Amino acid sequence: MTRQAAEPADAVLARRASDGDREAAGMLIDRHHAAVRRFLRRLTGRDDVADDLAQDTFVRLLRYVDRYDERYPMRTWLLTIARRLTINRARHESRSMPSDDLTRVQSGGPDPSEPVQRDDEQSLLRQQLDAAIEKLSPPQREAVVLFHQQQLSVQDVAAVMQLPVGTVKSHLHRGRAVMRQYLSAHCEVA
Amino acid sequence: MNCQQANTLWDDARDRALPPADQVAFDQHLLNCPQCAAMWQRETLMLDTLAADTEPGDVQTFKFHVMRKMTEAETAPEPSGESATVDPVVRKFTPWAVVAAMAAAVALMISLWAVVEPADQPKSPAVPVAATAPTHPVSVLVQDLTRGIDQPQRLRESIEKTTSYLSLTQLAALLEREVAPAAPTETPNTRG
Numbered sequence: 199m200t201r202q203a204a205e206p207a208d209a210v211l212a213r214r215a216s217d218g219d220r221e222a223a224g225m226l227i228d229r230h231h232a233a234v235r236r237f238l239r240r241l242t243g244r245d246d247v248a249d250d251l252a253q254d255t256f257v258r259l260l261r262y263v264d265r266y267d268e269r270y271p272m273r274t275w276l277l278t279i280a281r282r283l284t285i286n287r288a289r290h291e292s293r294s295m296p297s298d299d300l301t302r303v304q305s306g307g308p309d310p311s312e313p314v315q316r317d318d319e320q321s322l323l324r325q326q327l328d329a330a331i332e333k334l335s336p337p338q339r340e341a342v343v344l345f346h347q348q349q350l351s352v353q354d355v356a357a358v359m360q361l362p363v364g365t366v367k368s369h370l371h372r373g374r375a376v377m378r379q380y381l382s383a384h385c386e387v388a
Numbered sequence: 085m086n087c088q089q090a091n092t093l094w095d096d097a098r099d100r101a102l103p104p105a106d107q108v109a110f111d112q113h114l115l116n117c118p119q120c121a122a123m124w125q126r127e128t129l130m131l132d133t134l135a136a137d138t139e140p141g142d143v144q145t146f147k148f149h150v151m152r153k154m155t156e157a158e159t160a161p162e163p164s165g166e167s168a169t170v171d172p173v174v175r176k177f178t179p180w181a182v183v184a185a186m187a188a189a190v191a192l193m194i195s196l197w198a199v200v201e202p203a204d205q206p207k208s209p210a211v212p213v214a215a216t217a218p219t220h221p222v223s224v225l226v227q228d229l230t231r232g233i234d235q236p237q238r239l240r241e242s243i244e245k246t247t248s249y250l251s252l253t254q255l256a257a258l259l260e261r262e263v264a265p266a267a268p269t270e271t272p273n274t275r276g
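Protein chains in written order, with our numbering: chain A, 199 to 388; chain B, 85 to 276.
Bound-form chain B, shown alone:
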């Protein structure tokens, strides 16, 4: 075996993954080649040094800092969603994320308000209170309520269809406003 052949077996020899016959030939080459033997010894020393890397410092100080950061993290907002479950390295909330979340919340509130307050938003296409054939579940419910529909089954279905759009609080407010006798609406389809 020459140096070039030994070099091709080097890593497998290092990983103790050579077949016995190749291992014998490799060992024999190291015995006969001072240069390869010296390199093998030097590399072995270096890797042994890596394995015996210096122990890090005081664990108590380290632990204190971990617990301090832990306390800070516990008071920080809890991330949610897919990123938190896929990767344990969860992204921290950034100011941009907070601003974006607030903007989204405001936009959601405005859109809900526009749906629930159709009489005040006549230009909005999503609030057809007195339209002849409303299709939006909330609009259907409003129309049913304002017409004083007496079909409980249909009314229940109509309410159920709005649950994707309205919270219970909003639904209660809507029912209170539309059903209350002292709350006349501006449309010609009011009950009474």
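This is chain A alone, in the form it adopts within the complex:
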């Protein structure tokens, strides 16, 4: 039996959760927590901050689940809420921190100047990825992560970021160019 046949759709769970069904709410969390947490970890650079924001994201979802528009994917709505919460948190934090970065909550990401010490190729790749993403501007980072990590279409990325498709493409292309520049400067490519 396939998953679609065995498990109720997001819309069904949303309606049940709206009626106070906690089991349905739990199933929505089970289904979408990983995507939201991975997205927020890339946006914030900190696992603890990301998980706190992800929890708040699901609280918002469950409080206002009756407003869920079933024509759109639940994950897109969740990522939209998560992104807004991140921006709100960063604005709040920036009042007490000397930083003009509205998306990066705290500078908890890897230090690009830190020498690579791990031998494992996969670890090396992850470290380079972390450092390259650190170089991106907030909208570039959001576009790259939503497109390549979350595997959203450009149209869905535009919906989450509430930007025109052309602007999203521009952020995506420039973001990848910045990452290539980082690879050229810090990695032996040839």
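For the record, the hints were derived by calculation from the structure and aren't laboratory data. Computed from a predicted model, the values in this text were never measured in an experiment. All residues carry an ideal CB built from backbone N, CA and C; glycine is no exception. Among the hints, erroneous ones may be present.
[Stated by the list, open to error] Looking from chain B toward chain A, a few residues come up when the C-beta cut is under 10 Å (computed):
#1 Arg-126
#2 Met-130
#3 Ala-135
#4 Ala-136
#5 Pro-140
#6 Phe-146
#7 Glu-158
[Unchecked claim] Simulated coverage check for chain A against chain B, where a stretch passes if three residues somewhere in it have a Cβ under 8 Å from a Cβ of chain B:
#8 228-234
#9 248-257
#10 320-334
#11 338-347
#12 377-383
Using the hints, position chain B against chain A.
Just chain B now, with coordinates in the frame of chain A:
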């Protein structure tokens, strides 16, 4: 195709959005240019790594914290108004908002009291009890009541006009005070 030309097609190639002829030319360039080929491979590996980001931790602990926050949120004041409907990220109540709301409520109560108790507030311009031509709906109603008007239609209209200003409780109190026979007013226009 040289490296510069390949670079202009790079993103469309990455998005698999190149026309077939350009795609063939781009692929051919990668075969002939070790540097571009190496960059393409490295970027591909990096983006694949991003797509395969590490799975987050335990869902049960995460779910517990969500439910705990949910319970806290359910006991917190429910935000209302346009902000709650436009944006799902609803602003939380802050102490400032609570203080402002309380201040507004107190100001509203004072202004209502001033309107409903005209005899005690002679300096207030909003309480012309015995004025010759009152215009405020509440003042008109008070005057009609104190004069003992016997036109039910006008009295009903007068009462209806006050509904924007008085709650039912306040209206009932006003009627009880003004209509009750044992409650004489201080104005010369009392009934009787």
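Results for each hint:
With 10 Å as the threshold, the beta carbon of Arg-126/B comes within range of chain A, its nearest partner Cβ sitting at about 5 Å, so the hint holds. Contact between Met-130/B and chain A, as hinted, is supported at the beta carbon level, the nearest pair being about 5 Å apart and thus within 10 Å. With a cut of 10 Å, the hint placing Ala-135/B at the interface with chain A holds, because the nearest CB-to-CB distance is about 6 Å. Of the supplied interface hints, the one on Ala-136/B holds, with its beta-carbon coming within about 9 Å of a beta-carbon of chain A, less than 10 Å.
Taking 10 Å as the C-beta cut-off, the interface hint given for Pro-140/B holds, the closest approach to chain A being about 4 Å. A distance limit of 10 Å between C-beta atoms decides the matter here; for Phe-146/B the minimum to chain A is near 6 Å, and the interface restraint holds. Here the hint on Glu-158/B is kept, as its CB sits about 8 Å from the closest CB of chain A, short of 10 Å. Here's how the segment 228-234 of chain A fares: 3 of its residues keep a CB closer than 8 Å to some CB of chain B, so the rule of at least three is met and the hint holds.
Residues of the segment 248-257 of chain A lying with their CB closer than 8 Å to a CB of chain B number 6, which satisfies the three-residue condition for coverage. Coverage of the segment 320-334 of chain A by chain B holds. Counting CB-CB distances below 8 Å, 7 residues qualify, and the rule asks for three or more. Using a Cβ-Cβ cut-off of 8 Å, 4 residues of the segment 338-347 of chain A lie near chain B, which meets the minimum of three, so the contact claim holds. Residue count for the segment 377-383 of chain A with a Cβ under 8 Å from a Cβ of chain B: 4. That meets the three needed, and the coverage hint holds.
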